[in-house]
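Protein chains in written order, with the working numbering: chain A, 18 to 514; chain B, 141 to 389.
Incorrect hints may have been included.
As the list claims (entries may be wrong) - For lysine-lysine, the following DSBU-like pairs were computed, each having C-alpha atoms within a straight-line distance of at most 35 Å:
1) 148(B) with 432(A)
2) 458(A) with 154(B)
3) 352(B) with 262(B)
Just so you know, the hints here were simulated from the structure itself, not pulled from any lab data. None of the values given here were measured: they were computed from a predicted structure.
Listed below, chain by chain, are the residues.
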Amino acid sequence: MTDIKIKDNIDKDTVQAVKELEGDKYKYGFVTDIESETAPIGLSEEVIKFISAKKNEPEWMLEWRLQAYKRWLTMDEPEWAMVSYPKPKFQELYYYSAPKARPEIDSLDEVDPKLLETYKKLGIPIREQEVLAGVKGAAKVAVDAVFDSVSVATTFRKELSQAGVIFCSISEAVQEYPELVKQYLGSVVPQSDNFYATLNSAVFSDGTFVYIPKGVRCPMELSTYFRINAANTGQFERTLIIADADAYVSYLEGCTAPQRDENQLHAAVVELVALDGAEIRYSTVQNWYPGDENGNGGIYNFVTKRADCRGKKSKVSWTQVETGSAVTWKYPSCILRGDESVGEFYSIAVTNGHQQADTGTKMIHLGKNTSSRIISKGIAAGVSNQTYRGLVSAHAKALNARNFTQCDSLLIGDKCGAHTFPYIEAANTSARFEHEATTTKLGEDQLFYCRQRGLSAESATALLVNGFVREVMQKLPMEFAVEAQKLVAISLEGSVG
Amino acid sequence: MLKIKDLKVEIDGKQITNGLSLDVPAGEVHAIMGPNGAGKSTLSNALTGHPSYHVTGGTAELNGKNLLALEPEERAGEGLFLSFQYPLEIPGVPTLTFLRTALNEQRKYRGEAELSVPQFMKAAKEAAKRLKIEDEMLKRPLNVGFSGGEKKRMEIFQMAMLEPKFMILDETDSGLDIDALRIVSDGVNYMRAPNRGMLVITHYQRLLDYIKPDKVHVLVDGKIVDTGGPELALELEKNGYDKYEALVS
Ligand SMILES: Nc1ncnc2c1ncn2[C@@H]1O[C@H](COP(=O)(O)OP(=O)(O)O)[C@@H](O)[C@H]1O
Ligand SMILES: [Mg+2]
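Pulled out of the complex, with its shape left as it was, chain B reads as follows (with noise of 0.2 Å):
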C-alpha cells in the first residue's frame, strides 16, 4: 500500500526529514509517535505533496504510484487524505458545498461519474450522525469560527465522505476532550477496512487504546529510529523519547 524509502524533505533549504523508510500494508493502521518537532508534520505534508516542502530524495509510493510526481490533488484522486494537524478555515464556503465540489472533482480525476445531490446528502446525513455533527454546522462556511476541537471533528467528516484508501491522522487527537476523542476514534474505526492503511501520528498513548494500531513507530530527528507492537507506545509513554534522542544526537 504506502511504501516510503529514504525519504529526505527540506523546508527553507533546511533538511527536516533524513532518509525515512516505513511500509504500510493494505488493511494496517501505523502510528507514529515522536518528540516535538522531529518531523512528523513535515512527513505528512511532504507526502500530500505541500508546495513549502521540498523533497530531494527517496520515493514514496501508493499502491504502486508514484506520489512525489503527482500534484498535491491527484494524490487525494488517488486516494490520500490528510486530517490536518490544524485544519485551515475557508471562508464564504459552505461545507457542503466544499466537500461536493471536491469529491466530484476526485470522482472525475479517477473517472468516476458524479454523485447526485440526494445521494451526496444522505450519505452527508450518516456521516454526520455517526460523528454527532449538527446540521447546522454543515451550512456554515468551513472551519470559520469552530473550535479546535470541532475543526477536528470537521476532518473526519471530510475524511467519511471522501472514502479515502490511505489516510493520515496528524495529531488529530489533541484538543479533544475525551468524549470528543471517543466520537472520532468511532469515526475512524468505522473506516478501517482490508483495502485501507492508515497512518496515526500522535503524542498521545491515549489515543491508541481506542484506535488499537498494528505498529508503532518512533520518529525521531527526521528518521524512524525503532518499531515495534502497540505496547512500544505504552513504554514511550512512561520513559519518553530520552533514549533515541541520545542516540541521534
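Excised from the complex, chain A in its bound form (with noise of 0.2 Å):
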C-alpha cells in the first residue's frame, strides 16, 4: 500500500487489496464497481470495506470503523433536540463518492437565483460562484485562480513545514503520520458518543489533520489556503487537531458563500486536543444552504465538535457564526480536564425562513480552578425555530471552577422563536457560575421608531443586528468578521418591512 493518491487512480492493487480481505463475500455484486467513484447504495459492513479500501487505508483504520459501524447498529437517532425533520433514509444515501463527483450542473442558469443574488452581494467573483455551485468544470480553474496555480499554496505548505506543522488531509495522515492518528483519533470523541458521530466514525470521507509541534506558534491562520476547498470535503468530514505543549493555532472553517450541495445529511465530527499551555482558537463561518422560501431542499448540519483542554493551562475557543442549514443539530464543546485550563464559547446563531437550528455548548470541568465563558446570541426571523442548549457541569474535584454564560435572543417579527435550556451541575460547593439570558423582540414599533428617524427598515434592522451580535464578531479574526457581519445582514434581509 504504497500509493496515497489512489482516490483519482484506483490501481489493480486496490481490487486485490479489497479482493483479499472480503475473500468472496461479495454478497451485493459490487466487485465490478469497485472501478467506480461511488459506493454502492444503503449503508453496510461492505460499504465500509470499500471506502476503506479507496482510501488505500491499513488495517487498523478499517478495524476502527466497522467497530463504529458496529456499534452504530445499535443506536437510535437522537429525538431530544427541538428539530423537526423526516429522518434521512441511512440505506437509501450514498456514502462515498470520489471528491469532486458531486452532481454537476452545466452552468449558474441552473442555480437557484436567489443563491446567485447572495453571491453577488457578497462580492465573490462569478469563478468562484461556480465553484461553490458545482458548476462542471468550474473547479480547477478557480481554485487556480484563487491561489495563483499551486505556486500559493505550496508557498504556505513550505512555511508551515518549516515551523514543524503539519497539515493535511485526514487521509493523508493516516498513511503518514499513523501514530499521532491512532493516538489521538476518537481520544476526544469517542466512537461511541452518539449517533451521529458514531456514524462518522464508520464512513468518514475525508477532512483535516493539523498537529502544531511543542512550542510552536503556527506563523499563519490556517484558512486562506483551506477556503475554497472547503466546499468539495463531502458529507462525512472528520477534523482533528492537536497543539502540542505551548503551541498556538487559529483555525478558521467554512466559508461565508451560500454552499449548495446534494448531499442532505452533514455529519462532521471535530476533536481538538491542547496539550500543556497550548491554545486552539477554532472559528467557524457556516453557511450551508438552508433551503428554498418554502424550506426544501436544505442540509441537514448534525455535527459534533468537542475539544479536550487536557494539558494544565490549556485553552480552547470555538467562535461560531452558523446562518445557514435547514437543519441545525451542534454543539461545541469543552472537557476541562487539565488544572487551569480555559475554554471559551462564542456564537452567533441566524435562523431565517423556515430553519431551525438547535445549538449550544457543554463546558465540562473536571480539573481544579478551571474557567469558562459562553457568549450566545440567538437571531430567530421569519418562521424560524432556535434553541440554546447548554450545560456547565463541575466535577466533584474540579474546585474553584468558574463559568460565565451569558445567552441572549433577537426575535424579528412574531413568527418565529428563541429557546434557552441552560443546564447547571455542580458536584462540589466551590463552583461558581453566573447565568444571564435576554429575550428581545425586535418589533413593529421598534421598527417604527427608527423609521421615524429616518432609518430604512433594512438598515434599521442591520444597526440592531449588529448591536446585537457585536461582542461576539470582535471574537473572530479580522477580516472574517467583515464578511461574517455582512453575511449576516445578508441572511436578514427581507425579514422586516
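Since each chain comes alone in its own frame, lean on the hints to assemble the complex.
Here is the structure:
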C-alpha cells in the first residue's frame, strides 16, 4: 500500500486488496463497482470496506471503522433536540463518492437565483460562484485562479513545514502519521459518543489533520488556503487538531458563501486536543444552503465538535457564526481536564425562513481552577426556530470552577421562536456559575421608531443586529469578521418591512 | 406648512380620527389638548406613518408634499419629527451611532452630503450641553435603562440633532419634574424659527407657560372641536373637557 493518490486513480492493487479482505463474499455484487467513484447505495460492512479500500487505509483504520459501524447498528437517532425533519433514510444514502463528484450542473443558469443574488452581494467572483454552486469543470480553474495556481499553496506548505506544522488531509495523515492518528483519533469524541458521531466514525470521507509541535506558534491562520477546498469536503467530514505543549493555532473553517450541496445530511466530527499551555482558536462560519422559501432542499447539519483541554493551562476558544442549513444540531464543547484550563464559546446563530437550529455548548469542568465563558447570540426571523442548549458542569474535583454564561435572543417578527435551556450541574460547592439571559423582540413599534428617525427598515435591522452581535464578532479574526457581518445582514434580508 | 384636511384614521378596523382638519403655518406653534383617548397620539402616529394606523380618508401635506404617499423614513427625510409619548429602547446601539446613521440617511434622502464625524460630534456636544445630557449617556444604547424623564430629554436631543422642519411633541412634558421641564422647554424654544412649525400635544397648561403657542386646539373624539389663543388652555385647565364631550356624544 504505497500509492496514496489512490483517490483519483484506482489501481489494480486496490482491487486486489479488497478481494483479499473480503474473500469471495461480494454478496452485493459490487466487484465491478470498485472501479467506479461511488460506493453502492446504503450502509453495510461491505460499503465500509469499500471506502477504506478506496483510501488505501491500513488494517487498523478499517477495524476502527467497522467497530464504529457495529456500534452504530445498536443506536437510535436522537430525538431530544427541538428540531423536526424527515428522518434520513440511511439505507438510501451513498456513503462514498470520490471528491469533486458532486452532481454537476452545466452553468449558473441552473442555480436558485436567490443563491446567485447572495453571491453577488458578497462580492464573490463568477469563477468562485461556479465552484460553490458546483458547475461542471469550474473547480480546477477557480482554485487555480484563487490560489495563483499551485504556487501559493506550495508557499504556504513550505512555510508551515519549516515551522514543523503538519497540515494535511486526514486520509493523508492516516498514511503518513499513523502514530499520531492512532493516538488521538476518537480520543475526544469516542466512537460511541452519539448516533451521528458514530456514523461519522464508520464512514468519514475526508477532513483535515493539524499537528502543531511543542512550543510552536503556527505562523498563519490555517484558513485562506483551505477556503475554497472546503466546498468539497463531503458529507462526513473528520477534523483532528492537536496542539502540543505551549503551541498555538488559529483555525478557520467554512466559507461565507452559501454552498450548494446535493448531500442533504452532513455529520461532521471535529476533535481538538490542547496539551499543557497550548491554545487553539477554532472559528467557523457555517452557511450551508438553507433551502428555498418553502424550506425545501436545505442541508441537515448534525455536527459533533469537542475540545479536550487535556493539559494544564491549556485553552480552547470556539467562535461560530451559523447562518446556513435547514436543520442544525451542534454543540461545540470543551472538556476542561487540565488544571487552570480555559474554555470559551462565542456563538452567533441566525435563522430565517424555515430554518431550525438547536445549538449550544458544554463546558465540562474536571480540573482545578478551570474557567469557562459562554456568549451566545441567537437571532430568529421569519418562521424559524432556534434553541440554545448549554450544559455547564463541575466535577467533584473541579475546585473553584468558574463559568459565566450570557445567552441573548433577538426575535424579528412574531412568527419565530427562541428557546433557552441552560443546564447546570455542580458536584462541589466551590464552583461559581453565573448565568444571564435576555430576549428582545424587534417588533413593529421598534422598527417604526427607527424609521421615524429616517432609517430604512433594512438599515434599522442591520443596526440593531450588529449591535446585538458585536461582542461575538470581535472574537473572529478581522478579515473574517467583516465578511461575517455582511453575511448576517444578508441572511436577514427580507425579514422586515 | 402642515395642512391636514378631513383626516380619517382607523386602528384594527376601529375609526379613531373622524375627519380632522388642521393648518399650521410656518413659524407657528400650535398646541393640541384633549382628554385621554381622544386620538392625539393617533394623529401623530398617522402623520408619521405608523403601519398600524390606517388612513381611510382625507389629506395631509407638509410644504405641499403629500405625506400619506410616503414611507415613514421618507416623511422623516422631508423634515417631519415626532417626539414619542413612549420612546422605545434600542438595545445594543449606542445613541450617537444610531443618530449619526439616521442623520446621514436623511441627508442622503435630501441629496445632501454626509456629515463628517468631527462635524457631527461638535453638534452633538453642543446639543447635549444645552439639554444637560452627560457624555456617558450618549455612549449607552439608546434609551436602554433610561428613566422616563431621561427618555424624553433624549427625544429632544435627537430633535436638535436632526434639525427637522416640522416637529410633533406628544406629551413630552408628562413624567418631567419642574427642572427637567424647563430644560426641555428651553431646548424646544431654541428650535423655534420662521421656517419651522410645531405641534405640541399636552394634557397640561403648565407646559404652555414655557412653550408659548400661537394657537390652541381642542381635540375630542377624533376631531378638532374648538380653536383659540393661549387663553383657551387656561380655560380648559379650569373647566375641563366636559362641555365638549357633551357636545359630541
Ligand atoms: N394600537 C391600538 N389598537 C387599538 N386601539 C388603539 C390603539 N392605539 C390607540 N387605540 C385607541 O384609540 C383611541 C385613541 O387613542 P390615542 O390616540 O392613544 O389617545 P390619546 O393620545 O389622545 O390619549 C383610544 O380609544 C385607544 O384605546
Ligand atoms: Mg397619547
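Worksheet entry | Hints not upheld, ascending by number | none
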